Structures are given as structure tokens and as C-alpha cells.
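So the sequence shown is numbered by my numbering: it starts at 1 and just counts up by one.
What the hints contain is simulated information worked out from the structure, not anything from laboratory work. Please note that the accuracy of each hint is not assured.
Simulated restraints on C-beta separations [unchecked claim]:
(1) Glu-55 - Asn-18: 51 to 59 angstroms
(2) Val-39 - Cys-2: 38 to 46 angstroms
(3) Ser-8 - Gly-29: 30 to 38 angstroms
(4) Ala-44 - Ala-4: 53 to 61 angstroms
(5) Tyr-50 - Ile-15: 47 to 55 angstroms
(6) Ile-19 - Gln-59: 54 to 62 angstroms
(7) Glu-42 - Ser-6: 30 to 38 angstroms
(8) Glu-55 - Asn-23: 45 to 53 angstroms
(9) Ser-17 - Phe-57: 58 to 66 angstroms
Derived lysine to any residue pairs resembling SDA-like cross-links, with alpha carbons at most 25 angstroms apart [to be verified]:
(10) Lys-40 - Glu-51
(11) Lys-38 - Gln-24
(12) Lys-31 - Glu-51
(13) Lys-38 - Asn-48
(14) Lys-31 - Lys-46
(15) Lys-58 - Ser-47
(16) Lys-40 - Tyr-50
(17) Lys-11 - Ile-33
(18) Lys-38 - Asn-52
(19) Lys-46 - Phe-57
(20) Lys-40 - Gln-30
(21) Lys-11 - Gln-30
(22) Lys-58 - Gln-45
(23) Lys-31 - Gln-41
(24) Lys-38 - Asn-28
(25) Lys-58 - Leu-36
(26) Lys-31 - Asp-20
(27) Lys-46 - Leu-25
(28) Lys-38 - Glu-51
(29) Lys-46 - Gly-60
(30) Lys-40 - Asn-28
(31) Lys-31 - Asn-21
(32) Lys-38 - Asp-49
(33) Lys-40 - Gln-59
(34) Lys-11 - Gln-24
(35) Lys-40 - Asn-52
(36) Lys-40 - Gly-29
(37) Lys-31 - Ala-44
(38) Lys-46 - Leu-36
(39) Lys-31 - Lys-11
(40) Lys-11 - Val-22
Fair warning: this is a prediction, and the values are worked out from it, not measured in the lab. The beta-carbon is built from N, C-alpha and C at its ideal position, and this holds for glycine as well.
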Amino acid sequence: NCSAFSFSVVKQTLIQSNIDNVNQLNINGQKAIDELEKVKQEFAQKSNDYENEIERFKQGK
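Using the sequences and the hints given, assemble the complete structure.
Here you go:
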């Protein structure tokens, strides 16, 4: 009876540990997505800045 309870506690602990791991992976995944989104926005801004600079040089000719 004691070992059945013990097994149940171990099982519950493992389940909770797996849930915690999945939650952490989801958090890490979201952080990676957010970081990539930031890089994408920075790239788009730089690209836009370069396009404007090119236009400025063309107008100056």
C-alpha cells in the first residue's frame, strides 16, 4: 500500500516535471519568435532606409 502511494507520487512528480518542461519550451519558443520578429522589423527598417537613400541619390543626380 505504501509502495502504491509512493509510485503514485513519483508518477505525479514525473508528469508535473514533463508539464514544466513543455511550458519552458513554449516560453523559450515564444522568446525566439519575438527575437526573430524584432530582427525582421529592424531589417525591414534598414532596407527602407537604404531605399530612401538610393532615391535621394537618384534625385540629386
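Against the structure, the hints:
no. : hint                                : in the structure
1   : Glu-55 - Asn-18: 51 to 59 angstroms : holds, 55 angstroms
2   : Val-39 - Cys-2: 38 to 46 angstroms  : violated, 55 angstroms
3   : Ser-8 - Gly-29: 30 to 38 angstroms  : holds, 31 angstroms
4   : Ala-44 - Ala-4: 53 to 61 angstroms  : holds, 60 angstroms
5   : Tyr-50 - Ile-15: 47 to 55 angstroms : holds, 52 angstroms
6   : Ile-19 - Gln-59: 54 to 62 angstroms : holds, 60 angstroms
7   : Glu-42 - Ser-6: 30 to 38 angstroms  : violated, 54 angstroms
8   : Glu-55 - Asn-23: 45 to 53 angstroms : holds, 48 angstroms
9   : Ser-17 - Phe-57: 58 to 66 angstroms : holds, 60 angstroms
10  : Lys-40 - Glu-51                     : holds, 16 angstroms
11  : Lys-38 - Gln-24                     : holds, 21 angstroms
12  : Lys-31 - Glu-51                     : violated, 30 angstroms
13  : Lys-38 - Asn-48                     : holds, 15 angstroms
14  : Lys-31 - Lys-46                     : holds, 23 angstroms
15  : Lys-58 - Ser-47                     : holds, 17 angstroms
16  : Lys-40 - Tyr-50                     : holds, 15 angstroms
17  : Lys-11 - Ile-33                     : violated, 33 angstroms
18  : Lys-38 - Asn-52                     : holds, 21 angstroms
19  : Lys-46 - Phe-57                     : holds, 16 angstroms
20  : Lys-40 - Gln-30                     : holds, 15 angstroms
21  : Lys-11 - Gln-30                     : violated, 29 angstroms
22  : Lys-58 - Gln-45                     : holds, 20 angstroms
23  : Lys-31 - Gln-41                     : holds, 15 angstroms
24  : Lys-38 - Asn-28                     : holds, 15 angstroms
25  : Lys-58 - Leu-36                     : violated, 33 angstroms
26  : Lys-31 - Asp-20                     : holds, 16 angstroms
27  : Lys-46 - Leu-25                     : violated, 31 angstroms
28  : Lys-38 - Glu-51                     : holds, 20 angstroms
29  : Lys-46 - Gly-60                     : holds, 21 angstroms
30  : Lys-40 - Asn-28                     : holds, 18 angstroms
31  : Lys-31 - Asn-21                     : holds, 15 angstroms
32  : Lys-38 - Asp-49                     : holds, 16 angstroms
33  : Lys-40 - Gln-59                     : violated, 29 angstroms
34  : Lys-11 - Gln-24                     : holds, 20 angstroms
35  : Lys-40 - Asn-52                     : holds, 18 angstroms
36  : Lys-40 - Gly-29                     : holds, 16 angstroms
37  : Lys-31 - Ala-44                     : holds, 20 angstroms
38  : Lys-46 - Leu-36                     : holds, 15 angstroms
39  : Lys-31 - Lys-11                     : violated, 30 angstroms
40  : Lys-11 - Val-22                     : holds, 17 angstroms
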